[in-house]
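Protein chains: 2
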Amino acid sequence: PFPSGRGIVYVITDRRAAGERSLIDIVHAALRGGANAIQLRDKDVPARAMIALGEALLPLTRAAGVPLIVNDRVDVALALDADGVHVGQDDIPADMVRRIIGPARILGVSVATVEQAQQAARDGATYVSVGDLFGTPSKPDAGPPIGLTPLTEIARAVDLPVLGIGGITVANAASVVRAGAVGVAVISAVIGAPDPEAATRALCDVAAQR
Amino acid sequence: PFPSGRGIVYVITDRRAAGERSLIDIVHAALRGGANAIQLRDKDVPARAMIALGEALLPLTRAAGVPLIVNDRVDVALALDADGVHVGQDDIPADMVRRIIGPARILGVSVATVEQAQQAARDGATYVSVGDLFGTPSKPDAGPPIGLTPLTEIARAVDLPVLGIGGITVANAASVVRAGAVGVAVISAVIGAPDPEAATRALCDVAAQR
Ligand code: NI
Numbered sequence: 109p110f111p112s113g114r115g116i117v118y119v120i121t122d123r124r125a126a127g128e129r130s131l132i133d134i135v136h137a138a139l140r141g142g143a144n145a146i147q148l149r150d151k152d153v154p155a156r157a158m159i160a161l162g163e164a165l166l167p168l169t170r171a172a173g174v175p176l177i178v179n180d181r182v183d184v185a186l187a188l189d190a191d192g193v194h195v196g197q198d199d200i201p202a203d204m205v206r207r208i209i210g211p212a213r214i215l216g217v218s219v220a221t222v223e224q225a226q227q228a229a230r231d232g233a234t235y236v237s238v239g240d241l242f243g244t245p246s247k248p249d250a251g252p253p254i255g256l257t258p259l260t261e262i263a264r265a266v267d268l269p270v271l272g273i274g275g276i277t278v279a280n281a282a283s284v285v286r287a288g289a290v291g292v293a294v295i296s297a298v299i300g301a302p303d304p305e306a307a308t309r310a311l312c313d314v315a316a317q318r
Numbered sequence: 109p110f111p112s113g114r115g116i117v118y119v120i121t122d123r124r125a126a127g128e129r130s131l132i133d134i135v136h137a138a139l140r141g142g143a144n145a146i147q148l149r150d151k152d153v154p155a156r157a158m159i160a161l162g163e164a165l166l167p168l169t170r171a172a173g174v175p176l177i178v179n180d181r182v183d184v185a186l187a188l189d190a191d192g193v194h195v196g197q198d199d200i201p202a203d204m205v206r207r208i209i210g211p212a213r214i215l216g217v218s219v220a221t222v223e224q225a226q227q228a229a230r231d232g233a234t235y236v237s238v239g240d241l242f243g244t245p246s247k248p249d250a251g252p253p254i255g256l257t258p259l260t261e262i263a264r265a266v267d268l269p270v271l272g273i274g275g276i277t278v279a280n281a282a283s284v285v286r287a288g289a290v291g292v293a294v295i296s297a298v299i300g301a302p303d304p305e306a307a308t309r310a311l312c313d314v315a316a317q318r
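Each protein sequence line maps, in turn, to chains Z and L.
Residue numbering for the first sequence follows our numbering, beginning at 109 and increasing consecutively.
Residue numbering for the second sequence follows our numbering, beginning at 109 and increasing consecutively.
Quick caveat, the hints were computed from the structure, so don't treat them as lab data.
One should not assume that every hint holds.
You can't tell identical chains apart in this list, so a pair holds if it fits in one copy or across any two.
Stated by the list, open to error - As a list, the in silico SDA-like pairs of lysine to any residue whose alpha-carbon atoms are at most 20 Å apart: (1) 151 x 302; (2) 151 x 126; (3) 151 x 261; (4) 151 x 197; (5) 151 x 226; (6) 151 x 132; (7) 151 x 198; (8) 151 x 127; (9) 151 x 296; (10) 151 x 201; (11) 151 x 196; (12) 151 x 164; (13) 151 x 230.
Values in this document were obtained by computation on a predicted structure and should not be read as measured data.
Turn these sequences into a full structure, and let the hints guide you.
Written out as C-alpha cells, the structure reads:
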C-alpha cells in the first residue's frame with residue numbers, strides 16, 4: 109500500500125540523472141537511506157528494457173517493504189506485477205487506469221490545479237503529486253513552476269495524500285511539507301546526488317519535521 | 109477474431125504517412141476498399157492522444173466488422189477495449205501480453221526468424237508478421253530487408269497465419285502470398301496512397317490470387 113503518515117520521500121528513477129552509474133545501485137542506496145516509495149520512470153526506452161529494469165528493482169523494493177510504482181505504462185506495471193501506476197494528464201485517463209489495474213493497486217496522478225486533483229480523487233487516485241513546484245531540469249517539457257500556493261489549495265481540497273514535486277532539494281523540502289504535502293517526490297536530488305543514501309536520509313529528516 | 113482464410117490486407121496507421129490528411133478518413137477509405145484488419149500504431153505520442161485516435165477509429169472498424177489491433181501499448185488496447193495487440197521483439201514479451209489480455213483477444217507478434225515465430229506460437233500468438241521483407245521507409249530503425257525465404261520457412265514451421273510486412277506494394281504483393289503468407293501488412297501503400305480506397309482494393313485483388 110501507499111505509505112501512510114508524513115515525511116514521505118518518494119524517489120523517481122531517471123537514466124539520464126544516473127549518468128554512468130548503475131540506477132539499480134542508486135535505488136538500493138536510496139532504500140537504505142529511507143526512501144518510502146520508488147517510481148520506475150523510464151521514458152524513450154522500449155517496454156522490454158523498462159521491464160528488465162523493473163525486474164531488477166522489485167527484489168530491492170520488496171525487501172525494503174516499499175512500493176514500486178510504474179510511470180505511464182500500465183501494461184508494464186501489470187507485466188511486472190508492480191505495486192502501482194503513476195499517470196500524468198497526457199497519459200491514460202485515471203478512471204480507465206483504475207478499471208485496468210483493479211481496486212488494490214496504488215494509483216498516482218500528476219496534478220497542477222484543484223480541479224485536476226478533485227477529478228483524480230473521483231477517478232480513484234490513491235495520491236496526487238503537485239508540481240512543477242520550483243522548476244526542474246529533469247522534465248524540460250513541463251510548464252513554468254507553479255510555486256507552493258496550488259499545493260496548499262489542493263491539500264485542503266482533496267482527501268488524498270499530496271506529494272510535492274519539481275526542483276525539490278534539502279534546502280526547500282521543509283517548505284513543501286509546511287505547505288501541506290505529506291512528503292516530497294524527487295529525481296535529481298537523489299538519483300543525481302554524489303551520495304544517494306545520504307541525500308535520501310537528509311531529505312527524510314527534513315520532510316519529517318513539521 | 110482474426111480474419112480467417114487468405115487474401116488478407118492488414119493496414120497499419122501512421123501519422124507521418126498520412127501527412128496533412130485525416131488518418132480517420134484514410135482508414136475509413138481503406139475499410140471501404142476491403143481492408144481486413146486495422147492496426148493502430150502511433151509512436152511518440154502520449155497515450156491519451158493514441159486513445160483519442162483509437163476512439164475515433166473503433167466505430168469505423170466495428171461497423172466494418174474488422175478488428176482494431178493496438179501496436180505496443182497493451183494498456184491502450186485495454187483502455188479502448190480494442191480487439192487485440194501487436195508487439196515486436198523489444199516490446200512486452202508475448203507470454204506476458206497474453207496473460208494480461210486474456211485468451212480471447214488477438215495477439216500478433218513481429219518475427220524475423222523461425223525461432224522467434226515458434227516462440228510466439230508457444231507464447232499464445234494469434235498470428236505473426238514477418239519482415240522487413242523488402243525495405244521500408246516507415247520504420248527507419250528496422251534492420252536490412254530479409255527477403256521472402258524466411259517467410260516461407262516460418263509459414264511451414266508454425267501453425268499460425270503469417271503476414272508479410274515491409275515495403276509491400278501492388279507490384280510485389282503476389283510474391284508475398286505465393287511465398288506462404290495469408291496476406292500483407294502495409295503502411296505507406298495505403299496510408300500514403302493518393303486514393304487509399306483504390307489502393308486497398310488493388311491489394312485485396314492481388315492478395316486473393318494464388
Ligand atoms: Ni462508412
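Each hint, compared with the structure:
1. Within a single copy, residue 151 and residue 302 get their C-alpha atoms no closer than 23 Å, and across copies no closer than 35 Å, so neither meets the 20 Å cut-off.
2. In this assembly of identical chains, residue 151 and residue 126 lie within 20 Å of each other by CA distance solely inside one copy; the values are 14 Å within and 26 Å between copies.
3. Taking identical chains as interchangeable, the C-alpha atoms of residue 151 and residue 261 are never at most 20 Å apart, the minima being 30 Å within one chain and 37 Å between chains.
4. Proximity of residue 151 and residue 197 under a CA criterion of 20 Å is satisfied in both settings, with 16 Å inside one chain copy and 18 Å between copies.
5. Taking the shortest alpha-carbon separations for residue 151 and residue 226, neither the intra-copy value of 27 Å nor the inter-copy value of 31 Å comes in at or below 20 Å.
6. In this assembly of identical chains, the alpha carbons of residue 151 and residue 132 lie at most 20 Å apart only when taken from the same copy (16 Å versus 28 Å across copies).
7. For a Cα distance limit of 20 Å, the shortest separation of residue 151 from residue 198 qualifies both inside one copy, at 14 Å, and across copies, at 14 Å.
8. In this assembly of identical chains, residue 151 and residue 127 lie within 20 Å of each other by CA distance solely inside one copy; the values are 15 Å within and 26 Å between copies.
9. For the homomeric pair residue 151 and residue 296, the shortest alpha-carbon distance inside one copy (15 Å) is at most 20 Å, but the shortest distance between copies (28 Å) is not.
10. In the homo-oligomer, the alpha carbons of residue 151 and residue 201 lie at most 20 Å apart both inside one protomer (18 Å) and across protomers (18 Å), since each shortest distance falls under that limit.
11. Taking identical chains as interchangeable, the C-alpha atoms of residue 151 and residue 196 lie at most 20 Å apart whether they share a chain (13 Å) or sit on different chains (18 Å).
12. Taking the closest pair of Cα atoms, residue 151 and residue 164 come within 20 Å of each other only inside a single copy of the chain (17 Å); across copies the shortest separation is 26 Å, beyond that limit.
13. For a Cα distance limit of 20 Å, the shortest separation of residue 151 from residue 230 qualifies neither inside one copy, at 27 Å, nor across copies, at 30 Å.
In this structure, the hints that do not hold are numbers 1, 3, 5, 13, in rising order.
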